[in-house]
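Chemist: Starting from the known structure of chain A, fit chain B onto it as the hints suggest.
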Amino acid sequence: MTQTFAIFLDAYRDLNSRKLFWLAMVISALVVAIVGALGLDETGVSALGFHFNSKFVNTLFFPRDLFYKLIFQNLGINIWLTWLAAILALISTASIVPELIANGSIDMMLSKPITRSRLFLTRWVTGLFFAGFQAAVFVIASFLVIGIRGGVWEPGLFLAIPVVVVFFSYLYCFCALMGVLTRSTVASLLLTLVFWLALFAAQKAEQFLNSGRIASTMEVTAIERTIASRLEKNADADVDKLRVELASETISASRWNSGYWPAYALITVLPKTNETTDWLSRTLVKQSNFRPPAKEEDEMRFFGSSRVKRKEFEQAIYDDAESRKGAFWTIGTSLMFEAVMLGGCVFLFRRRDF
Amino acid sequence: MVGLSTIAVLMLAIDLHDVTKTYRGGVQALRGVSLAVQAGEIFGLLGPNGAGKSTLVKIIMTVVRPTSLRGTVLGQPVGTQSVLSRIGYLPEHHRFPQYLTGRQVIDFFGALGKVPRAVRRPRTEELLELVGMREWGNRRVTTYSKGMQQRIGIAAALINDPELVVLDEPTDGVDPVGRREIRDMLLRLRSQGRTVLVNSHLLSEVEMLADRVAIINQGTTLAQGTIEELTQESHRYEIEALHAPDMVVTAVGPVVGLVSSTDPTLRTFAIPTRDAAIIQPAIDALRAAGATVTRVERARETLEDLFVRSVIDERGRAMPGAQRPSAAPLAAPPTAPLAPPRTPPEVRS
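Protein chains in written order, with the working numbering: chain A, 1 to 354; chain B, 1 to 349.
It cannot be assumed that every hint is accurate.
Sample of chain B residues facing chain A (criterion: CB under 10 angstroms; computed from the structure) [unchecked claim]:
#1 61
#2 65
#3 87
#4 91
#5 95
#6 99
#7 109
#8 110
#9 117
#10 144
#11 148
#12 156
#13 177
#14 202
The set of hints was computed from the structure by calculation and includes no laboratory data.
All C-beta atoms in this analysis are idealised placements derived from N, C-alpha and C, irrespective of residue type, glycine included.
If we strip away everything but chain A, and leave its shape as in the complex, we get (with noise of 0.2 angstroms):
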């Protein structure tokens, strides 16, 4: 326990004399004081004594809580900490794996009676500190946002902090393995910011082809649906155009399949950064009402469908996620491909003279 926590306030005092951490501190801070300065009534928004009429961001539209909730949602979340903090951070750690290994870094460390294992995972576990103050000092400040300005107290958003060191651990554990085997900072941080940047295609790509998939099999089975009302009906003069049209459409939705599976296989197994801050969003609406407004009902014509309408499909496809995407599937497998990574640094790490 004497070691453990000695690291430990080493890793404090290394992120303490670090610049970037309290910058990016600042920066959360400000985020948090401008949202807390805004201002919602029922004909706008006012902001430091300003005032901006608006027919779309008032409280007529906008319940107030909503309004802070949605920010702190799409903004703090989805941008800020999953994305902005989440590079300075690892811009911040990418260093602390390469410090460690470094010649005259590491001797001393493995001259002292802390297993080589120990000393690794408790060191990187150090390197998840900044995500965590960050998250903390963010989330804290906003819980105080919404329940001081928007008058509603959500607990639940404290979800939010430990997966936002989930989110980070994921990038940061390809990180160490980089750093690991290059023992550059600089190389291990560009390898991370390309994985992430990899990883983030893969699944937008996933996303694409499970939408075309909903919506081509929506679109099959509301021909079918068609097919079947005109034959109810006896009306038969569109059902052979009808049918032509279903044909084409199942082979449609067969491509769509034969596409989408293997993308989903290969994101099973890959760290899920998109789908983790999805399924934190999907939590967060489902614990604190963060749904925003029903949208008005339109057509969809993403995939070429005009018998889908955007509300159907919308639901058709969050129900999907929560079906398929749970907490296990999202944040399990990646923790899996996580202790892979992690098992391979400290397979590394042990067995390397330096």
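Modeler: Only chain B this time, still in chain A's reference frame:
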């Protein structure tokens, strides 16, 4: 430190045999080194660059994994966690976290060595005092000179009150006054019953400190023992005389005079003996030949002479066709011409 002296009598602090290390790529750093360091002594590890000294030290400290190894450190297998808590180590080219102060560095490594906090605090103060860094303890290590970092490193190596202290180039970057202080400190550690293993390229310092030394070259142990043992066969008398004949006859046989490079009339005769009686006929013969005896001195090889000769001999053995400056085996008496004496003479007449 009660009990360390008893341990010193009973056991070897380091007892290693046939240590080999082959790095990836096939580089053989150690080819069967053996090392016996007695508890309570200062032991000097010597060798040229690339000899394998640092690899050996790193193997003892578990920083490098051996390819094969037999033996013990402080009576237990190398790398045992409980043993590591009884060793203090200062690596060469150490780098401390730049955000820590000297005091925090000592405390941090103490904590990693499982030293309880209640013990660390007073001991950190003691050690800062010991290494003369008390006033600088609260400054960040980035503001320290190389010598100051070395002092803090030594303090950090001693925070766990170690039985065995392993120092890799401890005086590297330290000024002469600091070196003397470190030497005094190492002698104090020995007087407390601790064992000190010093890896240093500063032979004169090792000579002043070490009870025993080992010379390592190309991954093998060339020699091991006290400096007296290793240079025993090199004891000689040197007679310097003006206008001397080319050769004098002594009880050990004829001895050729070596002409001085600065004065062609000055010759030095080296007679391989410790017995002053043996050189008397030579002095008489010189005087009888009209020579003026200017100096008679008892001398032996310095550690540097021994080191250079060992290493060059080893290179000669490794390359049979190469020219060997000295054909004498390690323990053999030196033959004329002799290397000029570099240590202060033990007896002058």
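Chemist: Each hint: holds or not?
Modeler: Here's how the hints hold up against the structure:
Of the supplied interface hints, the one on residue 61 of chain B holds, with its beta-carbon coming within about 4 angstroms of a beta-carbon of chain A, less than 10 angstroms. This hint holds: residue 65 of chain B has a C-beta 6 angstroms from the nearest C-beta of chain A, less than the 10 angstroms allowed. Satisfaction of the interface hint for residue 87 of chain B is found here, the shortest Cβ-Cβ separation to chain A being roughly 7 angstroms, below the 10 angstroms cut-off. Checking residue 91 of chain B against chain A by beta carbon gives a least distance of about 4 angstroms; that is within 10 angstroms, so the hint holds.
For residue 95 of chain B, the interface hint holds, the least distance from its beta-carbon to any beta-carbon of chain A being 4 angstroms, beneath 10 angstroms. Taking 10 angstroms as the C-beta cut-off, the interface hint given for residue 99 of chain B holds, the closest approach to chain A being about 4 angstroms. Given the 10 angstroms rule on beta carbons, the hint for residue 109 of chain B holds: about 6 angstroms separates it from the nearest Cβ of chain A. For residue 110 of chain B, the suggested interface contact is upheld, since its CB lies about 8 angstroms from the closest CB of chain A, less than 10 angstroms.
The beta carbon of residue 117 of chain B comes within 7 angstroms of a beta carbon in chain A, closer than 10 angstroms, and the hint placing it at the interface holds. A least Cβ separation of about 15 angstroms between residue 144 of chain B and chain A goes past the 10 angstroms threshold, and the interface hint is therefore violated. Hint on residue 148 of chain B is violated. Least Cβ distance to chain A is approximately 16 angstroms, over the 10 angstroms limit. Hint on residue 156 of chain B holds. Least Cβ distance to chain A is approximately 7 angstroms, under the 10 angstroms limit.
Here the hint on residue 177 of chain B is broken, as its CB sits about 25 angstroms from the closest CB of chain A, past 10 angstroms. Residue-level restraint check for residue 202 of chain B is violated (minimum Cβ-Cβ distance to chain A is 20 angstroms; threshold 10 angstroms).
Consistency note: the structure conflicts with the earlier hints numbered 10, 11, 13, 14.
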